[in-house]
Structures are given as C-alpha cells and as structure tokens.
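Visitor: Each chain is listed here by its residues.
2 protein chains.
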Amino acid sequence: MGQTIPEKFNDLFEKRVFASLATLMPDGSPQVTPIWIDYDGQYVLVNTAVGRQKDKNLQHDPRVCVMLLDPENPYRYLELRGRVAERTLDGADQHINKMAGKYLGQEVYPFGRPGEVRVIFKIAVEKVSSLG
Amino acid sequence: MGQTIPEKFNDLFEKRVFASLATLMPDGSPQVTPIWIDYDGQYVLVNTAVGRQKDKNLQHDPRVCVMLLDPENPYRYLELRGRVAERTLDGADQHINKMAGKYLGQEVYPFGRPGEVRVIFKIAVEKVSSLG
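Those protein sequence lines, which keep their order, are chains A and B. Heads up, the first sequence is in our numbering, so the first residue is 18 and it goes up one at a time. Heads up, the second sequence is in our numbering, so the first residue is 18 and it goes up one at a time.
Warning: the hint list may mix true and false statements.
In silico lysine to any residue, SDA-like type, Cα no more than 20 Å apart, as pairs [as the list claims (entries may be wrong)]:
#, chain 1, residue 1, chain 2, residue 2
1, B, K144, B, K73
2, B, K144, B, R100
3, B, K71, A, G129
4, A, K119, B, R93
5, B, K139, B, Q70
6, A, K73, B, S147
7, A, K119, B, N90
8, A, K71, B, S147
9, B, K71, A, R93
10, B, K119, B, F30
11, B, K115, B, R33
12, B, K71, A, D57
13, A, K144, B, R33
14, A, K139, A, D44
15, B, K144, A, K144
16, A, K71, B, V145
17, A, K144, A, D57
18, B, K73, A, L29
19, B, K73, A, D57
20, A, K71, B, K144
One side of the interface only, derived from the structure: several residues of chain B facing chain A at Cβ under 7 Å [claimed, not checked]:
#, residue
21, S46
22, V49
23, I52
24, R80
25, L86
Listing some non-contacts, in silico: residues in chain B with all C-beta distances to chain A over 12 Å [unchecked claim]:
#, residue
26, N27
27, D44
28, T50
29, Y56
30, Y60
31, V67
32, D72
33, A109
34, H112
35, V125
36, G132
37, E143
Note that these hints are calculated values from the structure, not bench results. C-beta: ideal position from N, C-alpha, C; glycine also.
Construct the entire structure; sequences and hints are all you get.
Guide: Here it is as structure tokens:
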C-alpha cells in the first residue's frame, strides 16, 4: 500500500514544476493536462475545480499517472502511477491559495471563477519510475 | 479523419519541447513519459526503440494523448488526443538523427544502445485542445 517517493526528487515538488497529469476518459482513452502539483509526504495532491474533465474522469476511474520533468534538466524526471485514495472539498480553498503562493507568489488564488468549487484529489502512489 | 493542428502552435514543434506522451498499460491504466516530438503536417511522430514499454503499449492499444507545454509560458499548451495510424521501422534511424539535430544540435543520435532498433509511430490526431 503506497510507494514512497525517493527523497532525491523532493526538489521537483519544491520548484515550480508543471506536472503532466494523465487521467482516463469515460471510453478509457488517456487525457493529459499540465497541473500544479503538491506532495504531503504521503499523498500526491491535485487541486482542481468541481465539474472539470479531470474531476469527472477521476471519479469515473481512479487510475492516474503524474509525470514531473525537471525544468533544469529534461533528462531527469519522475513518473508516478497510482490511484485516487480520497476526493475532498475540505481545505481545498486554503490549499489552492497555498499553491498560488508556490506558483505565482500570490497569497490568494487569482483565477477562480464565480461559483467555482475547489476539490482536492489525494493520490496514493503505487509505482515510481525515474530517470536521472 | 484527422484533425489539423492550428498553425499558431507550430512553434511548439520547432522549439525543443519535451512532450508528455500518455499511453495505456495492458491493464488500461495510463503511463506518461517525456519524449522528443515531431510533426510532419499530417501525423505527429514519436520515435522510440523496439521493445520499450511505449512500443508495447502502443501495439496493445493505439490510443494516445500528447501534451506540449510551452517552455516559455506554462499557461500555454496543446493537447492532442488520437491513435496510432502506422508503426514503421522505415526511416526510423534517419528520423532519430534528425531529432538529435533538433534537440541536441548533433548530427547523429548519441544515445543508441547496441542492437537497438528504432521505430516510428505515426499518430493521427482526432481531438485538439489548447490553452493560450
């Protein structure tokens, strides 16, 4: 249950890395979008808005792959395969503000739309592959 | 049959963009790796080595997603969903050398292993999504 991410890759979660998140469409085909990414030491955290394709896909099939490419060395990367362990609205607003701090240097997430509800997916990592 | 990629995104194929390629594992779960990418005006071209996970996955299920993030603007990206139209060894050695020119500024691909056989996957784009 749950693979640990090697500490030598911690920097990829500290830098402003735009991770590639692959989810599965309802027909089983893959979809990839760039995302802000976080890691709490146990789960990889993905914060999105309720009702988006990612949200729909992850509720339909919990299997994901997250790939982080080192922006300073494209021949160094981390690939994490796993599945959603939890979907929660709790703390999602605070968390997206934290992410805005990391990625934008702003205290409050500036891209929210009227009525948007944020949601966190906690992803349990089952397989770690890496290069570099 | 086949979507055209908007010309405004041609630069993403001219720059040294490391695309994220999502394929499907035999159990249907997604896998993502960073790849060198090419576009011949009709097909998106992926060059890999025979026997690699990508090669196995694409022969098992032709459905893919390729995402190109602008290295100069992470809020600009192109997402291409489609499927393998052709798998061929023809011209694959010349093509990987061309890619080495683009990505490394070298005339000959330097990372080949003894006995390695290169293969090109020609991907027909069925759906284009983009931001920016």
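Visitor: Hint by hint, say whether it matches the structure.
Guide: Going down the list of hints, with the structure as the test:
At most 20 Å may separate the alpha-carbon atoms for a hinted pair to count; K144 of chain B and K73 of chain B exceed this at roughly 23 Å. Our distance criterion of 20 Å between C-alpha atoms is met by K144 of chain B and R100 of chain B, whose separation comes to about 10 Å. Among the hinted pairs, K71 of chain B with G129 of chain A is inconsistent with the structure: their alpha-carbon atoms are about 37 Å apart, more than 20 Å. For the suggested pair K119 of chain A and R93 of chain B, the alpha carbons sit about 19 Å apart, so the restraint of at most 20 Å is met.
A threshold of 20 Å between alpha carbons decides the hint, and for K139 of chain B with Q70 of chain B the separation of about 17 Å falls inside it, so the pair holds. Restraint check for K73 of chain A and S147 of chain B: satisfied, since their Cα atoms lie roughly 19 Å apart, inside the 20 Å limit. Straight-line distance between C-alpha atoms of K119 of chain A and N90 of chain B comes to about 16 Å, which keeps the hinted pair within the 20 Å bound. With a C-alpha separation of about 15 Å, the suggested pair K71 of chain A and S147 of chain B falls inside the 20 Å cut-off, and the hint holds.
For a cut-off of 20 Å, the pair hint linking K71 of chain B to R93 of chain A stands: about 18 Å separates their Cα positions. Between K119 of chain B and F30 of chain B the alpha-carbon distance is near 10 Å, which keeps this suggested pair within the 20 Å criterion. A threshold of 20 Å between alpha carbons decides the hint, and for K115 of chain B with R33 of chain B the separation of about 13 Å falls inside it, so the pair holds. Between K71 of chain B and D57 of chain A the alpha-carbon distance is near 30 Å, which puts this suggested pair outside the 20 Å criterion.
In summary, the hint linking K144 of chain A to R33 of chain B is not supported, as the alpha carbons are separated by about 28 Å, beyond the 20 Å threshold. A hinted pair counts as satisfied when its Cα atoms are at most 20 Å apart, and K139 of chain A with D44 of chain A does not qualify at roughly 23 Å. A C-alpha spacing of about 29 Å is found between K144 of chain B and K144 of chain A, which places the hinted pair above 20 Å, so the restraint is violated. Taken as a hint, the K71 of chain A and V145 of chain B pair is honoured in the structure, with Cα atoms around 16 Å apart against an allowance of 20 Å.
Using a Cα cut-off of 20 Å, the hinted pair K144 of chain A and D57 of chain A holds, with the two alpha carbons roughly 17 Å apart. With a C-alpha separation of about 29 Å, the suggested pair K73 of chain B and L29 of chain A falls outside the 20 Å cut-off, and the hint is violated. This hinted pair does not check out: K73 of chain B and D57 of chain A have alpha carbons roughly 34 Å apart, beyond 20 Å. Between the alpha carbons of K71 of chain A and K144 of chain B the distance comes to roughly 16 Å, so the proposed pair stays at or under 20 Å and holds.
This hint holds: S46 of chain B has a C-beta 4 Å from the nearest C-beta of chain A, less than the 7 Å allowed. Because the smallest distance between the Cβ of V49 of chain B and any Cβ of chain A comes to about 4 Å, under 7 Å, the interface hint for this residue holds. Hint status for I52 of chain B relative to chain A: violated, with the closest Cβ pair at about 10 Å, above 7 Å. Satisfaction of the interface hint for R80 of chain B is found here, the shortest Cβ-Cβ separation to chain A being roughly 4 Å, below the 7 Å cut-off.
Given the 7 Å rule on beta carbons, the hint for L86 of chain B holds: about 5 Å separates it from the nearest Cβ of chain A. Distance check for N27 of chain B against chain A: the nearest CB is about 19 Å away, which clears 12 Å, and the non-interface claim stands. Under the 12 Å C-beta cut-off, the non-interface status given to D44 of chain B relative to chain A is violated; the minimum distance is some 8 Å. Taking the minimum C-beta to C-beta distance to chain A, about 7 Å, the non-interface status of T50 of chain B is violated against the 12 Å cut.
The beta carbon of Y56 of chain B is kept farther than 12 Å from every beta carbon of chain A, the shortest such distance being approximately 17 Å. The beta carbon of Y60 of chain B is kept farther than 12 Å from every beta carbon of chain A, the shortest such distance being approximately 18 Å. Non-interface call for V67 of chain B relative to chain A: holds, since the shortest CB-CB distance, roughly 19 Å, exceeds 12 Å. At roughly 16 Å, the least C-beta separation between D72 of chain B and chain A is larger than 12 Å, which holds for a residue marked as non-interface.
For A109 of chain B, the condition that its CB be more than 12 Å from all CB atoms of chain A holds, with the nearest at approximately 21 Å. For H112 of chain B, the condition that its CB be more than 12 Å from all CB atoms of chain A holds, with the nearest at approximately 19 Å. Listed as outside the interface, V125 of chain B is consistent with that label: its C-beta sits roughly 18 Å from the nearest C-beta of chain A, beyond the 12 Å cut-off. G132 of chain B, annotated as away from the interface, keeps every beta carbon of chain A farther than 12 Å; the closest lies near 21 Å.
The Cβ of E143 of chain B does not lie farther than 12 Å from every Cβ of chain A; its closest approach is about 9 Å, which violates its non-interface assignment.
In summary, the numbered hints that this structure violates are 1, 3, 12, 13, 14, 15, 18, 19, 23, 27, 28, 37.
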